[in-house]
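Trainee: I would like the entire structure built from these sequences, with the hints used as guidance.
Here is how the chains run, residue by residue.
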Amino acid sequence: MNGPALKPAARIFELALGQMLWGRRALFMAVVAGAPVVLALILRLTFASGSAVFIVNGNRVDTESIFTTAVSVLYLRFIVPALGVYYGTSLIADEIEDKTITYLFVRPISRGAIVLGKYLAYLVCANAVVLPSAAIVFAIAVPVAGMGRLLEMLLQELGRAALGLAAYGALFTLAGVSFKRPLVGGLIFVFGWEQMALVLPGYLRRLTVAYYLQTPETGVFVLLAVVVAAIGASIWTIEHREYVLQQ
Amino acid sequence: MSKRTRLFLLASAAVLAAVVVAGVIARVVVAAVASNTPEELAYVTAATRMVAYADMQQLMSSPLHDRWRDLQKTGAPMGDDLEARTGIRFDRDIDHVVIASPGNTQGASNPSLVIARGRFDQARIDAAMRQQGAQASTYRGKQLLSIKDATHDATVAFAEPGLLLFGPQAGVRDALDAKAGAGAIIASNREFMALVDEVDDGTAWSVARFDSLSGRTPLPSSVVSQLPPIDWIAASGHVDSGVRGLVRAEAHDEQAAQNLHDVVQGFLALARLQGARDPAYKALLDSVVLTAQGKSVSMSFEVTPAMLDTLRAQGSARRAR
Chain X
0 MNGPALKPAA
10 RIFELALGQM
20 LWGRRALFMA
30 VVAGAPVVLA
40 LILRLTFASG
50 SAVFIVNGNR
60 VDTESIFTTA
70 VSVLYLRFIV
80 PALGVYYGTS
90 LIADEIEDKT
100 ITYLFVRPIS
110 RGAIVLGKYL
120 AYLVCANAVV
130 LPSAAIVFAI
140 AVPVAGMGRL
150 LEMLLQELGR
160 AALGLAAYGA
170 LFTLAGVSFK
180 RPLVGGLIFV
190 FGWEQMALVL
200 PGYLRRLTVA
210 YYLQTPETGV
220 FVLLAVVVAA
230 IGASIWTIEH
240 REYVLQQ
Chain V
0 MSKRTRLFLL
10 ASAAVLAAVV
20 VAGVIARVVV
30 AAVASNTPEE
40 LAYVTAATRM
50 VAYADMQQLM
60 SSPLHDRWRD
70 LQKTGAPMGD
80 DLEARTGIRF
90 DRDIDHVVIA
100 SPGNTQGASN
110 PSLVIARGRF
120 DQARIDAAMR
130 QQGAQASTYR
140 GKQLLSIKDA
150 THDATVAFAE
160 PGLLLFGPQA
170 GVRDALDAKA
180 GAGAIIASNR
190 EFMALVDEVD
200 DGTAWSVARF
210 DSLSGRTPLP
220 SSVVSQLPPI
230 DWIAASGHVD
240 SGVRGLVRAE
250 AHDEQAAQNL
260 HDVVQGFLAL
270 ARLQGARDPA
280 YKALLDSVVL
290 TAQGKSVSMS
300 FEVTPAMLDT
310 LRAQGSARRA
320 R
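Protein chains in written order, with numbering that gives the first Met the number 0: chain X, 0 to 246; chain V, 0 to 320.
Worth flagging that the hints you see were computed from the coordinates, not collected in a lab.
Any given hint could turn out to be false.
Per label pair, the in silico range of CB-to-CB distance [as the list claims (entries may be wrong)]:
| id | chain 1 | residue 1 | chain 2 | residue 2 | range |
| --- | --- | --- | --- | --- | --- |
| 1 | V | Ala183 | X | Trp21 | 13 to 23 Å |
| 2 | X | Arg10 | V | Ala17 | 27 to 37 Å |
| 3 | X | Ala224 | V | Met0 | 49 to 59 Å |
| 4 | V | Val20 | X | Leu223 | 24 to 34 Å |
| 5 | X | Val37 | V | Asp94 | 23 to 33 Å |
| 6 | V | Ala270 | X | Val30 | 27 to 37 Å |
| 7 | V | Met0 | X | Trp192 | 48 to 58 Å |
| 8 | V | Lys2 | X | Thr101 | 26 to 36 Å |
| 9 | V | Val27 | X | Thr101 | 32 to 42 Å |
Note that this is a predicted model, so its numbers are computed, not measured.
Heads up, the beta-carbon is just placed ideally off N, CA and C, and yes, glycines get one too.
Mentor: See below:
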């Protein structure tokens, strides 16, 4: 990818960003990002009224635990991978399925610019929805007095979410340009393989993205390498593969 | 890019920025309003393994202390060694105290340095020390009164008006060096200070390197050696008519923290099983909140006056039998 190729990528980025934010898939994103906010609001109001005490594994849950649980379980284990699969696999696969990829390929732009532009649009779109959602959950769940103390943790969790979106998105973009029906495989990978490998003893967990999201010290470099490698491989694949559109 | 897309991105960035700014403001305000970190830490050297702090006035005037005094009328008073040597009474003369311990070396326990702020009768203390054979010397412009022989090593120095150092001579000298900037102080240790910030709103608190506690914990050494690797341990207590306590351990890594969390949770489950029939223990165990977050494992608990009454009644009943 050279300098002149970045301009077409920017054009594709603008186009794809609008489609992602205001297209039919945006509803899924709104529901997925809005649910934790509603849940946090309900729990906060319940705590404030003192009408219920939540005990998990014998331990009383406080409002701060709501945020840590929401981030580690809801966002990093569900929302981030789900958005990565849902959007990543569709970046190119949808164009193939809708038979509109031809319109992009006949334009005087490199195929790699299409992948890059669409991936960046996904990255901006997903981050623009997920990160404010997590920040709002933080603002709802954590009392003002505790906000300063937990600020570092918020920034770390936002960083982890952004890194997760980038890694899952890149992996499933590669799946999207390589396979015909990538969504099912992606869902099996995220909600089957990753969940299983994380609890298995040994080194199998190292073959998951979730493992590296849990170990930020070394995980950052591994995940950045995954992003670069997956996007590089996606560009190479789309440049060299022949897509046969079914009539 | 369409106008609504641009607006959406701006709104998204604004929400994110607003929450982060709110967090920053909360951090600054809380730090400014509620910074309880004692300035006496400037006398504590970087080599110190454990630091403890107690607000003596708040402790001594608390209803809990009154109860304790009733129960322990026959026990030895707190700070008896200091009082015997210097005539200083913990409850009357001292506002707050910082105790810095160098930990155990080669199996031997090193004496701690006591840094006390309060109202001291310097002439009386001077006379009491000299009566026991104390020798006067000067170090960094401060007078040291030292009793040093085969069995004793105690030095008193008035570092500032109302600030007294008491401990082994080398410890007092190191403290004066640290204050003068001739040695590294513990406050330059970011890990330590982060933990102090977490606990310094308590009436009494302590932050220690976990290995410095070997032989000092109520747990058998065989149990301690089986625990996941822990770097630091911090504890604080808010004392009033009851006690609200927090114990926080900083594990070596996230996995160790999770393991420690599981171990403590197991102990709690066992304790709940055993204490289920006892209302006081049950209430105490119900108040326990155990959380693991990153490398930290925290356990908070509350001992209410009602629980203390029940425990006291049970103790009396056992003694009567």
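Trainee: For every hint, state whether the structure bears it out.
Mentor: Against the structure, the hints:
1. The hint said 13 to 23 Å for the Cβ distance between Ala183/V and Trp21/X, and at roughly 59 Å that hint is violated.
2. In this structure, Arg10/X and Ala17/V meet the distance hint of 27 to 37 Å, their C-beta atoms being roughly 32 Å apart.
3. At about 31 Å, the CB distance of Ala224/X to Met0/V disagrees with the hint of 49 to 59 Å.
4. For the pair Val20/V and Leu223/X, the supplied restraint of 24 to 34 Å holds, since their beta-carbon distance comes to about 28 Å.
5. In this structure the hint that Val37/X and Asp94/V lie 23 to 33 Å apart at CB is violated, the actual value being about 50 Å.
6. The beta-carbon spacing between Ala270/V and Val30/X, approximately 43 Å, falls outside the hinted interval of 27 to 37 Å.
7. The beta-carbon spacing between Met0/V and Trp192/X, approximately 37 Å, falls outside the hinted interval of 48 to 58 Å.
8. As the Cβ distance of Lys2/V to Thr101/X is approximately 30 Å, the hint placing it in 26 to 36 Å holds.
9. A hinted range of 32 to 42 Å is violated for the C-beta pair Val27/V and Thr101/X, which are about 57 Å apart.
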